[in-house]
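Colleague: Could you build the full structure based on these sequences and the hints that come with them?
Residue numbers (our numbering), protein chains in the order written: chain A, 3 to 88; chain B, 270 to 410.
Read the hints as simulated data drawn from the structure, not as lab findings. Any given hint might turn out to be false.
Claimed, not checked - Cβ pair distances, simulated, as ranges:
hint, chain 1, residue 1, chain 2, residue 2, range
1, A, R21, B, E402, 15 to 23 Å
2, A, R21, B, R372, 40 to 48 Å
3, B, Y317, A, F24, 44 to 52 Å
4, B, D336, A, N19, 35 to 43 Å
5, A, M3, B, V305, 46 to 54 Å
All of these numbers come straight from a predicted model, not from anything done at the bench. Beta carbons: idealized from backbone N, C-alpha and C, even for Gly.
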Amino acid sequence: MFEVKIIFFSILREKLNLREIFIECGENTSIHGVIEILMRKINFEDYDLSKCMIAVNEDYVDDNYLIKNGDEIAIIPPVSGGSDFL
Amino acid sequence: MNDRYIEITNEEIDFKKLYNFCKEDHLGAVNVFFGVTRNVNNAKKVLYLEYESYKNMAEKIISKIIDEMINKWDIYKVAISHRSGRVDIGQISMVLVISSMHRKSSISATDYFIDRLKEIVPIWKKEFYEDGESWLSSTPG
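Modeller: The following block contains the structure:
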């Protein structure tokens with residue numbers, strides 16, 4: 003087992019009142035598995051996590067990515083940079 | 270890499286610096302895009318904005334978008350500055366400068382960059398109104 007850091011931004015960070023959390027996972031835990039652990043640990047209420055993208059060590063990954071010790075996982079809500087809306 | 274300059278900053282954007290970075294004597298086109306904070310969205314009066322970013326990742330993803338642009342168009346240099354923190358109405362929230370030999374490549378690449386920025390760069394915008402605030406998503410719905 004090892005610990006990984008998960009960080010939250012913008013709407014999720016405010017909703018959860020949480021900037022980061024550490025969770026324990028075993029070898030061969032995928033992103034999919036991490037999300038399951040998170041959902042047991044945190045009440046996301048009506049927030050639909052499936053609209054978020056996931057980044058590991060500052061790169062986007064898919065659900066099958068296998069977490070390694072020391073990885074930094076970020077939950078990325080839909081982005082909205084730039085000036086105008088749409 | 271000296272073909273690009275990328276910053277996410279809490280300070281007012283120094284666009285002259287970006288222009289100077291991109292211009293070269295053999296290039297005939299420097300396309301400059303300013304994104305400016307509007308005072309209205311969805312018929313609601315906006316007082317000011319706040320941007321939050323996952324800074325290191327945002328800079329990294331911007332650099333990847335620049336790689337995509339260089340593969341698609343004949344452009345030479347790209348400079349981008351995006352604000353973080355509070356930005357008041359009428360202030361510049363982002364500046365993108367692209368230089369190329371002829372205008373078409375830098376103009377097309379500008380449009381492409383902004384579309385990609387709104388898709389994948391981890392920067393979020395929150396609007397503040399007289400009666401509340403809301404995080405925006407560039408995906409409708």
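Colleague: None of the hints should be skipped; say for each whether it holds.
Modeller: Each hint, compared with the structure:
Between R21/A and E402/B the Cβ separation comes to about 18 Å, which falls inside the hinted range of 15 to 23 Å. Taking the beta carbon of each, R21/A and R372/B are about 44 Å apart, inside 40 to 48 Å as hinted. Our hint of 44 to 52 Å for Y317/B and F24/A is violated, since their Cβ atoms are close to 34 Å apart. With their beta carbons about 37 Å apart, D336/B and N19/A fall inside the hinted range of 35 to 43 Å.
Taking 46 to 54 Å as the suggested C-beta distance range, the pair M3/A and V305/B conforms, at roughly 50 Å.
Violation of the numbered hints given earlier is confined to hint 3; every other hint is satisfied by the structure.
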